[in-house]
Structures are given as C-alpha cells and as structure tokens.
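Engineer: Residue numbers (my numbering), protein chains in the order written: chain A, 1 to 114; chain B, 1 to 112.
Please keep in mind that the hints were generated in silico from the structure rather than gathered at the bench. Here the structure is a predicted model, which means the values were calculated and not measured. In this text, a Cβ means the ideal position worked out from N, Cα and C, and glycines have one as well. The reader is advised that the hints may include incorrect statements.
Said to hold, decoys possible - Covered stretches of chain A (in silico footprint by chain B; criterion: 3 or more residues with CB under 8 Å from a CB of chain B, positions within the stretch not fixed):
#	region
1	35-49
2	53-60
3	104-111
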Amino acid sequence: KAGVTQTPRYLIKTRGQQVTLSCSPISGHRSVSWYQQTPGQGLQFLFEYFSETQRNKGNFPGRFSGRQFSNSRSEMNVSTLELGDSALYLCASSLVPGRDVEQYFGPGTRLTVT
Amino acid sequence: GESVGLHLPTLSVQEGDNSIINCAYSNSASDYFIWYKQESGKGPQFIIDIRSNMDKRQGQRVTVLLNKTVKHLSLQIAATQPGDSAVYFCAENIGGFQKLVFGTGTRLLVSP
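Please take these sequences and the hints and turn them into a complete structure.
Structural biologist: Dropping the structure here:
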C-alpha cells in the first residue's frame, strides 16, 4: 500500500507570495493532520481534518489555512509568505480521527521563503 | 535533507549497546504518548505508543517506560544498530483530538 504522498517535495517562494501544498493520505485513511517543523520551534500542529471538516486548529495566524476534499486529499495554503514560514510541512493520515489512532507521516514539503 | 534543528541533544553509542532516550512532558492531562523516529529527509515514523494506564510497553527491541509521577517517558533500544541512527521524538496527545504535541527531539548516533 502506498504511503502518504506530499507534493511538491521542495518549493522556493518569495516573501509576500502564497503557496499551496498537497497531501494524499494512505488509501482508505480519512483523517489528515498537518504539522510544521522548524529548527527553532520543532514540530507544531497546524490543523486536523476529517470528512472535509476542520476538527482542530493549532496556534497559527489566519494566513495558514487548509481544506480537505471528498476523496480525503488535503491541501494547505499559506498566504502572504514571511521568511519565518520556511519550514518542513508534514502531513499525517490515519484511518479515523482519535487520540490513540496511529498517524502515518509523509516525507514533507520543504518550503523556503526568500 | 535535514529536517530538525542543529542543537538537539545528542546520544552517541556503539553498535550493540543499549540506548536510553528520555523525554519530559508537561501536561498531566496527557493520556497517550508516542515515540517517533525521524531519519534525514523523511517524515516521523511510529515506533511505539503507551497509554497513561500503563507503566511499560515492549515492542521489538524497544521498550517505553512511563512515569506519571514525574511526567517522564523513556525509550530503550536494545542492541542498537547503525540503522537506528536518527532523531527520536516523544509526542503526547491531549484533549481527545488527534493533535500531537512533540518534544524537542534527541539525535541518536550509532557508531559501528
């Protein structure tokens, strides 16, 4: 079974631009979460989606948004990019939402903002 | 490519040694804990989990210990191998949702 797929793997954007990242969960998985990983802040939770609904959101500004489609694929968008948004963005999927349900992570999208 | 910070605590061991990686958590309401392994250029990979009603759980070559009194987790890796070299994170789950709160990570270096 294919793992979590994230596209693109690498991205370079300029400050002020916007970016959309994509995540395809493992087949049959219906819950998707997003995390940001930076050297300074480590791994931080962004959002969680299930059945096209955002169930939970981390402490990030409104420039960070996301959505989930009916096929469980998810996208996240960052508008008005700042230098500090440079990070590895990780997507994780699980069969269903739940605190003790194993989450499978994708390889991430490395975003560099210049 | 690198995926974690440059100033992580580092544990260096020899192949065949047992490794112990420690983690402190802050929220006494946390009731589910997971250890992840992250290799360079990859996302975190699940190793083992433990619920708060347990003190110890064993997997293949790994054991997780939970001390709720002092809010401390440890991951023990038996007979450490070069392939175990990675950054290890503990994560806690709070509130019944899927949000995970990750620790800062420990880099494990295994020398042949």
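Engineer: Give a verdict on every hint.
Structural biologist: To see whether the hints hold, each was checked on the structure:
Here's how the region 35-49 of chain A fares: 10 of its residues keep a CB closer than 8 Å to some CB of chain B, so the rule of at least three is met and the hint holds. Figure legend: the region 53-60 of chain A, annotated as covered by chain B; annotation consistent (3 residues with Cβ-Cβ distances under 8 Å, at least 3 required). Only when three residues or more bring their CB closer than 8 Å to a CB of chain B does the claim for the region 104-111 of chain A stand; here the count is 6, and the claim holds.
Violation of the numbered hints given earlier is absent; every hint is satisfied by the structure.
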